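Visitor: So the chains spell out like this:
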Amino acid sequence: DGGITQSPKYLFRKEGQNVTLSCEQNLNHDAMYWYRQDPGQGLRLIYYSQIVNDFQKGDIAEGYSVSREKKESFPLTVTSAQKNPTAFYLCASSREREGPQFFGPGTRLTVL
Amino acid sequence: EDKVVQSPLSLVVHEGDTVTLNCSYEVTNFRSLLWYKQEKKAPTFLFMLTSSGIEKKSGRLSSILDKKELFSILNITATQTGDSAIYLCAVRFLMETSGSRLTFGEGTQLTVNP
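In order, the protein sequence lines correspond to chains A and B. Heads up: the first sequence begins at 141 in my numbering, then just goes up one per residue. Heads up: the second sequence begins at 123 in my numbering, then just goes up one per residue.
In short, the hints are calculated from the structure, not lab data. Source: prediction; values computed, not measured. Among these hints, one or two may not hold up.
[Stated by the list, open to error] The calculated DSS-like cross-link candidates involving lysine-lysine, where the alpha carbons are at most 27 Å apart (straight line), are: (1) A/K197 <-> A/K210; (2) A/K149 <-> A/K210; (3) A/K223 <-> B/K179; (4) B/K125 <-> A/K223; (5) B/K179 <-> B/K125; (6) B/K178 <-> B/K125; (7) A/K223 <-> A/K149; (8) A/K210 <-> B/K163; (9) B/K189 <-> B/K125; (10) A/K197 <-> B/K190; (11) A/K211 <-> A/K154; (12) B/K190 <-> B/K159; (13) B/K163 <-> B/K178; (14) B/K179 <-> B/K159; (15) B/K125 <-> B/K163; (16) A/K154 <-> B/K162; (17) A/K197 <-> B/K163; (18) A/K223 <-> B/K190; (19) A/K149 <-> A/K197; (20) A/K149 <-> B/K163; (21) B/K162 <-> A/K149; (22) B/K190 <-> B/K125; (23) B/K163 <-> A/K154; (24) B/K163 <-> B/K189; (25) B/K159 <-> B/K178; (26) B/K159 <-> A/K149; (27) B/K125 <-> B/K162; (28) A/K197 <-> A/K223; (29) A/K197 <-> B/K125; (30) A/K211 <-> B/K163.
[Said to hold, decoys possible] Below, a sample of chain A positions facing chain B; criterion: calculated Cβ distance under 7 Å: (31) D178; (32) P179; (33) Q181; (34) G203; (35) R237; (36) F243.
Note that beta-carbon positions come from the ideal geometry of N, C-alpha and C, so glycine has one too.
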């Protein structure tokens, strides 16, 4: 089955720890994206990558880092510098830069 | 600043009702407008609109874009309880140096009661 997978589904972290959220797609899409969703709010763009080995900051990149070493994978690291990391994180991909984005199932991160 | 505003933020209807969800935007270098449905986790893609006045339709859902007045509507006829979800509007615009990206509105929480 083609699709976007994210892991883990739920993640608990202590304050001061870095964590990495996984995002993999086998759709052969060039572009990949990371969003954050807080309760009652829309999606806010953290980072995006239009092509392998290249990525750009979105609106709320502070405290996050990404890499794009392979077309299929776009992991997101939430660092200890992110002041309020508890949120629902969604990864998406699109075939073309201007095509519709398709989303993974999300990871819910809770900082204890 | 680029902005996407959805209204209403919340809506409760009875099964069989028709609803209209609104999305207005202010962006430079507009490229397209997209609608998504989010039930519990991942938003699922509904429509992508690029031209004014051309209605896109899928079953009981339809959507249209007005690029002059900078808004779109999403209509759902004969609503069912399965239509209960958050409906997200997103606008794609060109960035000066790095391709294009989406900006999302806050979403409309639709609840359909039996």
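Visitor: Does the structure break any of the earlier hints, and which numbers would those be?
Guide: The structure breaks hints 3, 10, 11, 18, 24, 31, 32 and 34; every other hint is satisfied.
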